[in-house]
Amino acid sequence: MRKTEIFLIFFILPLLAGCWDERLLKSSRTVYLSGFDLNENGDYQITSIIRDMNISESSRGEISISNELVTGKGSSIKEASMTIDRSVPGNYDPAKGRALILGIDVAKGDIYNVLDAVYRDPRVDLNAKIAVTDNSANEIITHLSENEVEKGEYLYELIHSSEMHSKLQEITLRSIRTYLFDEGKDFMLPYLSKDEENNEVKINGAALFHDHSFTGQFLSPDESTLLLLFMETQSKKAILTEKLDKKADESVSYNVKSVSRKLKLEKEEKVHADIMLQLEVEIVDYPPNHLDKQEMINFLENRLSEILTEKADALFKKLAANQSDVLGLGRELIAFHPSIWKEIKGANYYEHILVNPKVKVNVRSSGIIL
Amino acid sequence: MRLKRNKSKKSLINQANLSIENIKSQLNHTSDLKDREIHSNNQIYIILYINSLVDQEKLESKIIKPLTKMENNNILNELYSQEISTARSNKIAINGLLDGYCLLIKKGRNSEGFLLKTTASTDREVSEPKIEKTILGAKVGFVESLDKNIFLLRTVTKSPDFTVKTYTLGSSTTTNVSLIYLDHVTDPEIIKKVEQRIKSITLDSIQSAGDIQDCIEDHTVTPFPQLLLTERPDRASANLKDGSVALIIDGSPTVIILPATFMTFFQTPDDYITRWWLGSFFRFIRLFSYIIALILPALYIAFVSFHYEVIPLELVYSLQSSLSYVPFRPFIELMIMQLSLELLREASIRLPPSVAATFGIVGGLVVGTAMVEAGIVSYGGLIVVAITSVSSFVQPNLEMSSSIRILGFPLMLLAATFGFFGIVIGVLCVLIHLSRLTSFGVPYFSPFVPLNIKDFKDTIIRVPSWMIYKHSKNSPHYKQEKRSRKWKLDESEEPY
Numbered sequence: 001m002r003k004t005e006i007f008l009i010f011f012i013l014p015l016l017a018g019c020w021d022e023r024l025l026k027s028s029r030t031v032y033l034s035g036f037d038l039n040e041n042g043d044y045q046i047t048s049i050i051r052d053m054n055i056s057e058s059s060r061g062e063i064s065i066s067n068e069l070v071t072g073k074g075s076s077i078k079e080a081s082m083t084i085d086r087s088v089p090g091n092y093d094p095a096k097g098r099a100l101i102l103g104i105d106v107a108k109g110d111i112y113n114v115l116d117a118v119y120r121d122p123r124v125d126l127n128a129k130i131a132v133t134d135n136s137a138n139e140i141i142t143h144l145s146e147n148e149v150e151k152g153e154y155l156y157e158l159i160h161s162s163e164m165h166s167k168l169q170e171i172t173l174r175s176i177r178t179y180l181f182d183e184g185k186d187f188m189l190p191y192l193s194k195d196e197e198n199n200e201v202k203i204n205g206a207a208l209f210h211d212h213s214f215t216g217q218f219l220s221p222d223e224s225t226l227l228l229l230f231m232e233t234q235s236k237k238a239i240l241t242e243k244l245d246k247k248a249d250e251s252v253s254y255n256v257k258s259v260s261r262k263l264k265l266e267k268e269e270k271v272h273a274d275i276m277l278q279l280e281v282e283i284v285d286y287p288p289n290h291l292d293k294q295e296m297i298n299f300l301e302n303r304l305s306e307i308l309t310e311k312a313d314a315l316f317k318k319l320a321a322n323q324s325d326v327l328g329l330g331r332e333l334i335a336f337h338p339s340i341w342k343e344i345k346g347a348n349y350y351e352h353i354l355v356n357p358k359v360k361v362n363v364r365s366s367g368i369i370l
Numbered sequence: 001m002r003l004k005r006n007k008s009k010k011s012l013i014n015q016a017n018l019s020i021e022n023i024k025s026q027l028n029h030t031s032d033l034k035d036r037e038i039h040s041n042n043q044i045y046i047i048l049y050i051n052s053l054v055d056q057e058k059l060e061s062k063i064i065k066p067l068t069k070m071e072n073n074n075i076l077n078e079l080y081s082q083e084i085s086t087a088r089s090n091k092i093a094i095n096g097l098l099d100g101y102c103l104l105i106k107k108g109r110n111s112e113g114f115l116l117k118t119t120a121s122t123d124r125e126v127s128e129p130k131i132e133k134t135i136l137g138a139k140v141g142f143v144e145s146l147d148k149n150i151f152l153l154r155t156v157t158k159s160p161d162f163t164v165k166t167y168t169l170g171s172s173t174t175t176n177v178s179l180i181y182l183d184h185v186t187d188p189e190i191i192k193k194v195e196q197r198i199k200s201i202t203l204d205s206i207q208s209a210g211d212i213q214d215c216i217e218d219h220t221v222t223p224f225p226q227l228l229l230t231e232r233p234d235r236a237s238a239n240l241k242d243g244s245v246a247l248i249i250d251g252s253p254t255v256i257i258l259p260a261t262f263m264t265f266f267q268t269p270d271d272y273i274t275r276w277w278l279g280s281f282f283r284f285i286r287l288f289s290y291i292i293a294l295i296l297p298a299l300y301i302a303f304v305s306f307h308y309e310v311i312p313l314e315l316v317y318s319l320q321s322s323l324s325y326v327p328f329r330p331f332i333e334l335m336i337m338q339l340s341l342e343l344l345r346e347a348s349i350r351l352p353p354s355v356a357a358t359f360g361i362v363g364g365l366v367v368g369t370a371m372v373e374a375g376i377v378s379y380g381g382l383i384v385v386a387i388t389s390v391s392s393f394v395q396p397n398l399e400m401s402s403s404i405r406i407l408g409f410p411l412m413l414l415a416a417t418f419g420f421f422g423i424v425i426g427v428l429c430v431l432i433h434l435s436r437l438t439s440f441g442v443p444y445f446s447p448f449v450p451l452n453i454k455d456f457k458d459t460i461i462r463v464p465s466w467m468i469y470k471h472s473k474n475s476p477h478y479k480q481e482k483r484s485r486k487w488k489l490d491e492s493e494e495p496y
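Chains as they are written, first to last, in the UniProt record's numbering: chain A, 1 to 370; chain B, 1 to 496.
Here chain A stands alone, though its shape is the one from the complex (with noise of 0.2 Å):
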């Protein structure tokens, strides 16, 4: 008797909780992609695509996909999704959205205000990848509803294969947040831009930021890579193409198989931030050939850090100027050397490093060709 009275206590406590938490997935109108922008009123609008798939009735087994586009405007996030949401029949429902696109004006601000919304959704996809336009996140997402309706996730697939080549960082919805909170570490989030020539949406490279804002400017793929070796996070394939004489059409490509780098912290006048660079090459792509030869080899060393150290020293010039720490040289400071941090911190730490980048090339195979 006592067992069943407790069985039946256990069996209806969980009912009268009274909540359910049932989604229905034939009620839900699944979002594919999302942007957001901030009009001059300081409102928030957010543009989305919901995607619709039809098996038609008649001709049986053909599917046919519509992009529904829907945009909504609030003071908050929260408020413009809403807006949405009373706009669709269904639920209006974020939570497989692979990607989020930040209009240039969001993007300039603290982009914390809009992710904020984000993180507090517990079913949003933390990986999906987030990117910076260079005009608004609306126009953007016209245009891809409009010409890439066949394609599965373009443009996660499109940011995905960028990070394969080393091309940007690897920067997700959960591990920006990592970025956004740490006082001595920025990052560079993927620059896209319509491209009117060609009528596609491209990534012109890396766009750098401060704290939590879009700086303005943005790196070149090429200069993002060698950035990328100098934080040792590429990935495994990293190809760069060097002109090695300005007159004579000769150029060399090669692929970065590892990196070693030497950090040297010192504080002088200003934090002198000594950094060397070893990477280990293979040779990819070389016509003039001879790579038998030691002779040529070391040319090739040579010639490649050379130029390497050059370009690299353009690199942080251009990271100083926008006070961008996507290096995470502070972050180094904090770990290693409080005592110079306690003396430079704060919001514009960035102008008392001094960096001085150099760069030896190791040529360590000639490909599968000599």
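It is worth saying that the hints were derived from the structure and are not from the lab.
Be a bit skeptical, because a hint or two may be false.
Some chain A residues judged to face chain B by a derived CB distance under 10 Å, without partners named [stated by the list, open to error]:
| hint | residue |
| --- | --- |
| 1 | R23 |
| 2 | L25 |
| 3 | S28 |
| 4 | N54 |
Glycine included, each C-beta is placed from N, C-alpha and C at the ideal position.
Based on the hints, put chain B in the right spot on chain A.
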């Protein structure tokens, strides 16, 4: 009234001396009870038999013929019957008559009766098992006769330890049940338990293996079978050699094997005939398909009504497109599908084989696609139900695959109310229940609970036969490798 009559009958049966009149009245003067007087050597013999139970030719050639030509009065030497016993009471005589014996009574002062075996055999020929099919296994199945079944078992289990104990069960109609085990390998505790439980059966009549199963199984409130029913002598014999006990019921082509653990139901004779890699692979497939059949419908419900963010993006769209035409909740949708499948399954058993093929096409293909097109179920639901039923057909044992059907519905309900959480709770309950079950004192879920890694060798995988240890009360554990594969050592030492 009825009680009284029974009582009076009993008292008559217990009378010591044989009386033809008494026997006739106790058999209610049934019209197929025949008697015949034979005069031979100045003696009158009366033969009493039940016409429908005896073999006419046997009776004529082996009993009546020698009886008429008899020269002396020593009956026992003259008759050709293989089995002769004396009947001292009416009760023994009646039981004998009912078993197909004929009663020979020498008329005189002290009426003496002999029971002579003239049983008609109506056994069908031994044929291939219909339900438990194998690819390479023996093509022999049990039949409806007790003697023939014991014969079939003995031919594949030749051993002096082969022990048969026969019990007669049932109070109004009697049925013979034989308990069979190998004396040196079987745990005497189990034999004692089985004997005790069989003796306690006081049913009026025993019709099938099911009646005995109901009476002797440890737990009745469970979907899991604790006794293995088989129609294959090779399977029964393999289990006997592993130390199990077999129960053969007269008139039933299914033999009960006990004790049976959870993993016993996943073994088939084919596993041991094919090479061990293949055997292990099939075991794995069966176990895997059991789990699939159990939780796939529940998982589908949880996916489409709670956690669709875990489905890949492209699949979400295609599931959604087909689901949006369905007016029901996923749970109702799957219930409709599952129930119609149960209907098809039940119907196909009753149908003659010639119609069954047509029925399969109409029932399976036409109804399935028509249901999707009519918007009653979605493509996703149809696929899930189809995979589930195919996986449940993989199970080699009918009883075990029915346990999936019974357990599947509550799991679906839990998934529909609580999502993944409900499935976890449901599966946990099933596992706890499994761990608590026993079959004749043997833990049902062994070797998992209690964990016994050594026994994994013949459960989730099947290792080569020389690696399986033999446990028995006389022989110590011994490694077969040193003996059965000793040739390898010898060969490698040969000079080239």
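Structure-based check of each hint:
Using the Cβ-Cβ criterion of 10 Å, the hint placing R23/A at the interface with chain B is satisfied: the shortest such distance is roughly 6 Å. Nearest Cβ of chain B to the Cβ of L25/A: about 4 Å, under the 10 Å cut. The hint holds. For S28/A, the suggested interface contact is upheld, since its CB lies about 7 Å from the closest CB of chain B, less than 10 Å. The beta carbon of N54/A is positioned within 10 Å of a beta carbon in chain B (closest approach about 6 Å), and the interface hint is therefore held.
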